[in-house]
Each structure stands twice: as C-alpha cells, then as structure tokens.
Amino acid sequence: NAGVMQNPRHLVRRRGQEARLRCSPMKGHSHVYWYRQLPEEGLKFMVYLQKENIIDESGMPKERFSAEFPKEGPSILRIQQVVRGDSAAYFCASSPSGPGHYGYTFGSGTRLTVV
Amino acid sequence: RKEVEQDPGPFNVPEGATVAFNCTYSNSASQSFFWYRQDCRKEPKLLMSVYSSGNEDGRFTAQLNRASQYISLLIRDSKLSDSATYLCVVNEGNKLVFGAGTILRVKS
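Here the protein sequences come in this chain order: H and G. According to my numbering, the first sequence is numbered sequentially starting from 1. According to my numbering, the second sequence is numbered sequentially starting from 1.
Keep in mind that the hints were calculated from the coordinates and are not lab data. On a predicted model such as this, the values are computed, not experimentally measured, just so you know. Glycine is no exception: its CB is placed at the ideal position from the N, C-alpha and C atoms. Any given hint could turn out to be false.
Said to hold, decoys possible - Just so you have them, the derived chain G footprint on chain H, three or more residues with Cβ under 8 Å: (1) 7 to 19; (2) 73 to 86; (3) 91 to 99.
Claimed, not checked - Chain H is nowhere near these chain G residues, computed Cβ spacing over 10 Å in every case: (4) Asn22; (5) Ser32; (6) Ser49; (7) Ser52; (8) Glu56; (9) Arg76; (10) Lys79; (11) Asn94; (12) Leu96; (13) Ala100.
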C-alpha cells in the first residue's frame with residue numbers, strides 16, 4: 001500500500017516560469033491538504049481539497065497559486081510566474097476523512113528552487 | 001498571538017535523559033491534538049495523538065490540559081535516534097495548524 005506520492009522530488013524553475021506539483025493520496029484517502037515550509041520555518045497550511053472540490057483555501061496566496069483535485073488523477077498545486085520567495089518545500093498530506101481524529105500522512109515533499 | 005507556540009530549543013541532552021516539551025494553543029474550540037516529528041529535510045511523521053486522559057506509547061507520554069490550553073510531550077531514556085524536530089499540532093476548523101517545532105539533539 002503506497003503512501004502519499006509526490007512528484008517531482010526536486011524542481012528548479014527560473015523566475016517567471018510555471019511550477020506544477022503533483023500529489024497522489026494514499027489509497028482510500030479522499031482528503032488532500034497542501035502545506036508549504038519555508039527554510040528554517042514551520043509548516044503553513046495552504047489548501048484543503050476533496051475530489052473536485054476546494055474546501056478551504058484560506059492559506060493560499062491571492063495571486064499566482066491555484067490547486068485542484070480532479071475526479072481522476074492526482075491533486076495539482078500550480079504556481080504561475082514563480083518568484084524567488086516561492087522557493088520552499090511543498091508537502092502534500094492525505095487523510096481518510098476530514099482533518100479531525102486521525103492526523104495526516106504526508107508525502108516526501110517537492111523542493112522548489114527558483115533561480 | 002500565534003495559534004500554536006513552542007519553545008524552539010534546541011534541547012541538547014545526553015543519551016538516557018528524560019526531556020519534556022511544552023506547547024500552548026490559542027483556540028479553545030480545538031478538539032484534536034497531535035505530536036509529529038520531522039527529521040532534517042524530511043516530511044513530518046505522526047508520532048502520537050494527544051488525549052485529555054493522557055496517553056503513553058513506549059518511552060513517549062503526551063498530556064493535554066484543556067483548561068490551560070497546554071500540551072506536553074515527555075520522552076524517557078532518550079536515544080540518539082530521537083534527535084529531530086518535534087511539532088505540536090492542533091486542529092482549527094478545516095485544517096491542522098503546526099507549531100514551528102522544538103529541536104531535540106541527543107548526544108552520546
């Protein structure tokens with residue numbers, strides 16, 4: 001039973017390019033969460049999705065960032081026109097039900113470097 | 001005030017020592033509480049849930065004080081492999097909120 005799968009593990013983008021980060025939740029998990037961890041800082045919530053629905057995007061920057069979790073396929077976090085400040089580790093997590101009793105299982109993360 | 005506050009440390013302890021971490025949270029409506037550990041450049045991993053009655057898992061004991069909005073983690077007989085960052089986590093509505101973490105370094 002594979003865990004939460006994220007790819008790519010490392011992504012390098014030039015300023016102004018687009019970054020696409022993918023996350024496949026654990027089998028049987030329909031709730032997906034994206035977090036960002038800046039260097040030397042804690043994890044910050046970005047967005048919570050269920051299949052085809054955004055439940056809570058209160059942590060998403062207002063511009064350039066979007067997320068989706070289609071009926072088929074992985075969840076995608078998309079960052080348009082990346083800037084140096086977007087360099088961070090982006091972690092995806094999943095759970096079998098809402099963010100209550102069970103905690104989350106995290107993927108290994110995507111480390112985005114903007115040059 | 002931060003939603004979840006932890007002493008960043010680092011806590012430098014010898015092998016075999018007992019060490020305790022504390023955490024406070026701001027939202028009295030929070031219902032679920034966890035401790036995670038994160039190794040350098042790795043993903044956070046769930047260590048244990050925290051219940052009002054307190055709970056123990058081997059060398060690890062977690063306590064919750066709802067009145068004081070305070071959570072603790074006690075590690076007995078520290079091992080070198082316990083060296084990591086320990087994250088206090090609290091649910092707030094639709095999300096889990098992570099503290100910035102407490103660094104533990106266990107030395108031989």
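### Query
Taking each numbered hint in turn, which are not upheld by the structure, reported in ascending numerical order?
Numbers 1, 2, 5, 6, 11, 12 and 13 - these are the hints that the structure violates, sorted from lowest upward.
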